[in-house]
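Residue numbers (the numbering used here), protein chains in the order written: chain A, 42 to 508; chain B, 211 to 411.
The reader is advised that the hints may include incorrect statements.
Claimed, not checked - With a Cα cut of at most 20 angstroms, we get these calculated EDC-like pairs of lysine to aspartate or glutamate: (1) B:K377 - A:E59; (2) B:K241 - A:E297; (3) B:K403 - A:E135; (4) A:K45 - A:D311; (5) B:K403 - A:D53; (6) A:K205 - B:E407; (7) B:K241 - A:E120; (8) B:K244 - A:E135; (9) B:K377 - A:D145; (10) A:K205 - B:E371; (11) A:K294 - B:D373; (12) B:K341 - A:E378; (13) A:K50 - B:E407; (14) B:K241 - A:E118.
Just so you know, these hints were derived from the structure itself, not from any lab.
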Amino acid sequence: MSPKTLYDKIWDAHLVHEAEDGTCLLYIDRHLVHEVTSPQAFEGLRMAGRDLRAPDKTIAVPDHNVPTTADRVNGIENEESRIQVEALDRNAREFGIHYYPVDDIRQGIVHIVGPEQGWTLPGMTVVCGDSHTATHGAFGALAHGIGTSEVEHVLATQTLIQSKSKNMKVEITGKLRPGVTAKDITLTVIGRTGTAGGTGHVIEYCGEAIRDLSMEGRMTVCNMAIEGGARAGLIAPDEKTFEYIKGRPHAPKGAEWEVALAWWKTLFSDKDAHWDKVITIRGEDIAPVVTWGTSPEDVLPITDRVPAPEDFDGGKVEAVRRSLEYMELAPGTPLSEIEIDTVFIGSCTNGRIEDLRAAAEILRGKKIKEGLRAMVVPGSGLVRAQAEEEGLADVFIEAGFEWRLAGCSMCLAMNPDQLSPGERCAATSNRNFEGRQGRGGRTHLMSPAMAAAAAVTGHLTDVREMM
Amino acid sequence: MEKFEKLTGIAAPLPQINVDTDMIIPKQFLKTIKRSGLGVNLFDEMRYDDDGNEIPDFVLNKPQYREAQILVAGENFGCGSSREHAPWAIADFGIRCIIAPSYADIFYNNCFKNGILPIALPQEQVDVLMKDAEKGANARVTVDLEAQTVTTSDGESFAFEVDAFKKHCLLEGLDDIGLTMARADAISAFEAKASTERPWV
């Protein structure tokens, strides 16, 4: 048998049908659903008189629209948001799918809830009407975002029409330096490949620095595979993966666990597998980074300066000019002198317990800069509860942070957590697009520790100076 | 789904790379539970000022491009979020075809589900079409899906590639859920086999 990549193996295990023209029908093991991209899909089913093929493989949770303030128990004030969440409530109950409503402690961001509850397992195919579905690739699951028409297709048939992507290997060799995190790895990769560098490919991240990451760090890396243009990001499962999964509510148990484990251990890329593209970065060369522009590829070490449009080629020259104007930044400005108004710690990229620990570590015994608005939005109710138990919530509150309830929040500002025009935010989320966090808002992406450091000084800061 | 066969129309130039789906349709318009009516908010933050007035410089606000049916843009068009509201807004505005050097995967797939043809051409050819589009309303571009060609107002023609299955669905206006449901037996057979091999799933 010819050597295969991990992606090849998962693909082959889920192939239902291959047409003569190469169009494939792929079986979907887990379908995650949230309130924004699903109402039209459920409505489509109703109008066509179609049923859900596999409700037991479908999991729903509201996250994008939900307020993160304590008063959300009284209902959602914004009418459109409320209607959308109510539609999900109704659809979940009517079609009989697994559901974590707003008042359930397990509610949270769909990509944090899935792994937390053991829905995401190695070798699975996982889809969701959300581009950050790539997160689940950290478990060696083939996971990617789909549009609403495809959500409807999966609801009705539990399959997707797909053509196979190419294989891309991103290897991070050696060890990371102190202060460098999974977020810095994933941003550095995008800075190197560009936001279209992975287009048409599934990325497998490998190498010592990836192996050394915890499961949560691996989720951060895979989460942003989409920002590099890739269809999905993957990391081969290992003992850390199995350890993380074991005992979770929906993980296999007893004899089934043993059978699953035996298969999971075969999920790696064969030694001589073919790669269409290979990128290698030395772990030692990665620094704590921040973004300066309006594309996730606009990334530089915190010790660097804002670049000039002339430093680039082709269409990027005009894009950088536009970007710097939007960000109101002058070329040559040291990145560490950029002052901020807001700090946002949370999102499916960095809203897990280890992220909160890393930020709290920097904030312990310190106060945020006067006049700054800073908020922590845990990725799920369970993350929030654990952070409270560990005393992290107290650290944040004493430092001057708002301690919120779980949701997507200011990552995409569909709920009331938004930037005002001109406001500048140090954010642990995944996109710095124009208007992403609120019309006219300016976003700098970074790791939780870097965001915490910025909260203390009021400007982008090299976290290594505070360690 | 509306068929796409042949289209002759005004092409609007948007010479910008990395046009993301947040630009195409900002998040405040994702709160709808319908697919229709988003055209008025297409490119909302580029198209209107803070008070909701049109920004005259934006291409789709210019008199010659208000009826555009084709959009010519820079590389990596449609990157970012998976929101299908982006192609819904584009189609609702009346644009049926996009021409760019490259697209983000999810957006590209979403287009085909909504009767929109996204054409990828080499940068040099997109440059020619961009110049043609800049001539305004009198320069009509023709897109022929059956023949897989784009023809400028000067008669210069470029061939493009498109997946055979996607082409077929677009030409016939087919609902692919119906097509897949015709394979229910294959899906059931797969499920039976998988439940033995991977019972924990």
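Is B:K403 within 20 angstroms of A:D53, Cα to Cα?
-> holds, 14 angstroms
Are the Cα atoms of A:K294 and B:D373 separated by 20 angstroms or less?
-> Given pair A:K294, B:D373 is violated - Cα atoms ~43 angstroms apart, limit 20 angstroms.
With a cut-off of 20 angstroms on the C-alpha distance, tell me whether B:K241 and A:E118 pass.
-> Within the cut-off at roughly 13 angstroms; holds.
For the pair we were handed, B:K244 and A:E135, check the Cα-Cα distance against 20 angstroms.
-> Holds - the C-alpha atoms of A:E135 and B:K244 are around 19 angstroms apart, at most 20 angstroms.
Hey, B:K241 versus A:E120, does the alpha-carbon distance stay inside 20 angstroms?
-> This hinted pair holds, its Cα atoms lying about 9 angstroms apart.
Take a quick look at whether A:K205 and B:E407 sit within 20 angstroms of each other, Cα to Cα.
-> violated, 23 angstroms
Hint consistency between A:K45 and A:D311 [alpha-carbon to alpha-carbon, up to 20 angstroms] | It holds: about 5 angstroms lies between the C-alpha atoms, which stays within 20 angstroms.
Within a Cα-Cα threshold of 20 angstroms, do B:K241 and A:E297 meet the stated pairing?
-> violated, 42 angstroms
Given the hint that A:K205 pairs with B:E371, does the C-alpha gap stay at or below 20 angstroms?
-> holds, 17 angstroms
Is the Cα-Cα distance between B:K341 and A:E378 20 angstroms or less?
-> violated, 41 angstroms
Is the hinted pair A:K50 and B:E407 satisfied, with a Cα-Cα distance of at most 20 angstroms?
-> holds, 15 angstroms
Regarding the pair B:K377 and A:E59, is the alpha-carbon distance no greater than 20 angstroms?
-> It holds: about 17 angstroms lies between the C-alpha atoms, which stays within 20 angstroms.
Taken one by one, the earlier hints fail for this structure at numbers 2, 3, 6, 9, 11 and 12, listed in ascending order.
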